[in-house]
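K.L.:
Start from the sequences and build out the full structure, keeping to the hints where you can.
If you want the working numbering, it's the position in the sequence shown, counting the first as 1, plus 53.
Hints were generated in silico from the structure; no laboratory data involved. One should not assume that every hint holds.
Said to hold, decoys possible - Derived SDA-like pairs: lysine to any residue, alpha-carbon spacing no greater than 20 Å straight-line: (1) Lys160 <-> Ile286; (2) Lys183 <-> Arg127; (3) Lys413 <-> Leu497; (4) Lys82 <-> Asp328; (5) Lys183 <-> Arg233; (6) Lys263 <-> Phe275; (7) Lys183 <-> Lys263; (8) Lys261 <-> Gly243; (9) Lys183 <-> Glu79; (10) Lys242 <-> Pro225; (11) Lys242 <-> Asp228; (12) Lys277 <-> Ile207; (13) Lys230 <-> Glu244; (14) Lys182 <-> Leu223; (15) Lys263 <-> Ser281; (16) Lys183 <-> Leu290; (17) Lys160 <-> Gln247; (18) Lys422 <-> Tyr361; (19) Lys167 <-> Arg233; (20) Lys182 <-> Gly460; (21) Lys183 <-> Leu224; (22) Lys82 <-> Ala102; (23) Lys472 <-> His426; (24) Lys82 <-> Gly306; (25) Lys413 <-> Lys472; (26) Lys236 <-> Ile249; (27) Lys277 <-> Arg233; (28) Lys265 <-> Pro254; (29) Lys182 <-> Gln232.
Claimed, not checked - Quick list of the computed label-pair ranges, beta carbon to beta carbon: (30) Pro330 <-> Lys87: 25 to 33 Å; (31) Arg108 <-> Arg233: 57 to 65 Å; (32) Asn72 <-> Pro190: 53 to 61 Å; (33) Glu451 <-> Asp228: 47 to 55 Å; (34) Pro109 <-> Pro330: 17 to 25 Å; (35) Ile207 <-> Asn72: 32 to 40 Å.
Values in this document were obtained by computation on a predicted structure and should not be read as measured data. By construction, the Cβ of each residue, glycine as well, lies at the ideal position given by its N, Cα and C atoms.
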Amino acid sequence: METLQYTNGWLNLDNTQINDINHFCEDYKDFLNKGKTERQCVNVAIEKAKQYGFRPIEDYQQLQPGDKAYFVNRNKNVVLAIIGQQPIQDGIRFVVSHIDSPRLDLKPNPMYEKNELALMRTHYYGGIKKYQWASRPLALHGVVVTKSGRRVDITIGEEESDPVFTIPDLLPHLDRKVQRDRKADEVLKGEELQIIVGSVPMAFDDEKVKDKVKHHVLTKLFEKYEISETDFISAELMLVPAGNARDVGIDQGMIGAYGQDDRICAFTSLEAIFDIPTPEQTAVCFLVDKEEIGSSGATGLESRYLEYFVGELLIRQAGNTYNDQLLRRCLWQSYALSSDVNAGLNPLFESVHDAQNASKLGYGLVLTKYTGHGGKVASNDADAEYVAALRRIFDEHEISWQTGLLGKVDEGGGGTVAKYLAHYGINTIDAGAALLSMHSPFELSSKFDIFELYRAYKTFYTQAL
54 METLQYTNGW
64 LNLDNTQIND
74 INHFCEDYKD
84 FLNKGKTERQ
94 CVNVAIEKAK
104 QYGFRPIEDY
114 QQLQPGDKAY
124 FVNRNKNVVL
134 AIIGQQPIQD
144 GIRFVVSHID
154 SPRLDLKPNP
164 MYEKNELALM
174 RTHYYGGIKK
184 YQWASRPLAL
194 HGVVVTKSGR
204 RVDITIGEEE
214 SDPVFTIPDL
224 LPHLDRKVQR
234 DRKADEVLKG
244 EELQIIVGSV
254 PMAFDDEKVK
264 DKVKHHVLTK
274 LFEKYEISET
284 DFISAELMLV
294 PAGNARDVGI
304 DQGMIGAYGQ
314 DDRICAFTSL
324 EAIFDIPTPE
334 QTAVCFLVDK
344 EEIGSSGATG
354 LESRYLEYFV
364 GELLIRQAGN
374 TYNDQLLRRC
384 LWQSYALSSD
394 VNAGLNPLFE
404 SVHDAQNASK
414 LGYGLVLTKY
424 TGHGGKVASN
434 DADAEYVAAL
444 RRIFDEHEIS
454 WQTGLLGKVD
464 EGGGGTVAKY
474 LAHYGINTID
484 AGAALLSMHS
494 PFELSSKFDI
504 FELYRAYKTF
514 YTQAL
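P.N.:
Below, the structure is given as structure tokens:
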């Protein structure tokens with residue numbers, strides 16, 4: 054009789070395997086450093102995909118097994134597809150992860166001056182603990198599009214010679230009446246998430262100019278980027294933690310970085326599709342946006358972009374025989390991994406977890422049968438048959454995996470893109486990594502798990518279910 058017992062993956066490795074993991078994770082850290090926004094992640098993905106022979110879908114009139122195509126949706130989604138030996142209409146293997154992460158977005162009219170300091174107002178994006186973003190160096194990333202249509206890419210705060218930005222917190226000597234008794238989610242309120250961007254006034258001949266620090270900052274921005282205050286209206290600028298991904302621990306077994314939810318799955322699913330031969334079923338790596346705010350909008354999974362690109366694949370293979378039912382049949386016969394992270398068992402706050410059903414760092418891929426909250430509300434609950442098939446192929450290929458749930462019943466909860474994939478009838482389960490400090494500016498992952506995700510996704514792309 055088989056009993057359920059998970060083992061820490063580090064215990065079964067030789068030196069060669071450890072070296073492979075460390076080498077792989079150096080590339081992962083580089084990906085995190087270069088991709089701090091969804092637009093940047095798309096750029097990195099396309100640049101590398103081209104090196105592996107992927108071409109824009111527009112280059113193909115007819116798709117054949119082994120063809121490699123990519124799609125880009127509004128510079129915030131990227132789809133990589135390798136056409137399989139079987140007809141596309143017989144189903145697709147999707148690995149879907151998201152490349153947006155919690156952050157602070159600049160408001161459309163962000164800048165003002167107070168007490169001879171120039172500040173910018175922000176609006177937080179996604180689920181954050183607001184107090185974690187104060188008194189730390191922040192970098193500004195994003196794009197500005199001027200009225201003429203000129204696009205300006207901006208990154209300030211990542212180079213050693215760059216300035217950074219910060220939110221000034223209140224000193225403990227004076228916080229007793231104003232801040233100390235606030236609840237955790239109001240230690241820093243949403244409207245207090247304002248960054249300092251300047252402090253030096255500029256002498257102006259025009260006496261009507263009162264906000265001399267603000268105008269000095271605007272002058273600097275115009276000199277370097279040729280943008281004006283009105284151009285913030287048509288900009289996507291965001292504050293993210295400044296600095297690079299780092300090894301964590303004396304043994305260097307973990308990685309600490311911003312944005313590992315969910316770029317840990319984005320990177321590993323990319324590397325997996327780069328390294329597979331022509332699969333039996335068409336393999337698709339889909340990097341999506343807006344998961345952190347409910348998958349809404351034209352670049353979130355609530356849009357119909359998945360139908361659009363699958364239809365484009367089908368029409369290039371089925372030709373005149375294409376019809377809507379062919380698309381629906383393809384999706385209904387497809388399988389997906391909603392590759393998203395789960396909460397690792399936290400030794401400081403173990404009480405929120407059902408330890409028997411919690412995922413741990415260092416134990417490999419986490420299969421999460423359902424998420425949601427309360428009575429499984431708003432969750433995708435994976436079919437037992439699908440879970441069994443995944444167990445089989447992962448065990449056959451010696452993939453370390455574990456099960457996980459997002460905390461105790463009624464403790465809280467959350468969701469992923471899984472329910473939006475399942476909406477099409479796609480067999481779907483959440484499959485990702487365990488993290489500590491999720492949604493913080495410095496999330497923690499295990500190097501072993503990162504490499505195991507890559508191996509698991511390769512197996513999923515290529516093995517019969």
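K.L.:
Does each hint fit the structure? Answer for all of them.
P.N.:
Okay, the hints, checked on the actual structure:
no.: 1; hint: Lys160 <-> Ile286; result: holds (8 Å)
no.: 2; hint: Lys183 <-> Arg127; result: violated (29 Å)
no.: 3; hint: Lys413 <-> Leu497; result: holds (12 Å)
no.: 4; hint: Lys82 <-> Asp328; result: holds (19 Å)
no.: 5; hint: Lys183 <-> Arg233; result: holds (15 Å)
no.: 6; hint: Lys263 <-> Phe275; result: holds (19 Å)
no.: 7; hint: Lys183 <-> Lys263; result: violated (32 Å)
no.: 8; hint: Lys261 <-> Gly243; result: violated (32 Å)
no.: 9; hint: Lys183 <-> Glu79; result: violated (30 Å)
no.: 10; hint: Lys242 <-> Pro225; result: holds (17 Å)
no.: 11; hint: Lys242 <-> Asp228; result: holds (14 Å)
no.: 12; hint: Lys277 <-> Ile207; result: holds (10 Å)
no.: 13; hint: Lys230 <-> Glu244; result: holds (19 Å)
no.: 14; hint: Lys182 <-> Leu223; result: holds (17 Å)
no.: 15; hint: Lys263 <-> Ser281; result: holds (18 Å)
no.: 16; hint: Lys183 <-> Leu290; result: holds (18 Å)
no.: 17; hint: Lys160 <-> Gln247; result: holds (10 Å)
no.: 18; hint: Lys422 <-> Tyr361; result: violated (28 Å)
no.: 19; hint: Lys167 <-> Arg233; result: violated (24 Å)
no.: 20; hint: Lys182 <-> Gly460; result: holds (18 Å)
no.: 21; hint: Lys183 <-> Leu224; result: holds (17 Å)
no.: 22; hint: Lys82 <-> Ala102; result: holds (18 Å)
no.: 23; hint: Lys472 <-> His426; result: holds (13 Å)
no.: 24; hint: Lys82 <-> Gly306; result: holds (13 Å)
no.: 25; hint: Lys413 <-> Lys472; result: violated (24 Å)
no.: 26; hint: Lys236 <-> Ile249; result: violated (25 Å)
no.: 27; hint: Lys277 <-> Arg233; result: violated (41 Å)
no.: 28; hint: Lys265 <-> Pro254; result: holds (5 Å)
no.: 29; hint: Lys182 <-> Gln232; result: holds (15 Å)
no.: 30; hint: Pro330 <-> Lys87: 25 to 33 Å; result: holds (28 Å)
no.: 31; hint: Arg108 <-> Arg233: 57 to 65 Å; result: holds (59 Å)
no.: 32; hint: Asn72 <-> Pro190: 53 to 61 Å; result: violated (33 Å)
no.: 33; hint: Glu451 <-> Asp228: 47 to 55 Å; result: holds (54 Å)
no.: 34; hint: Pro109 <-> Pro330: 17 to 25 Å; result: holds (22 Å)
no.: 35; hint: Ile207 <-> Asn72: 32 to 40 Å; result: holds (38 Å)
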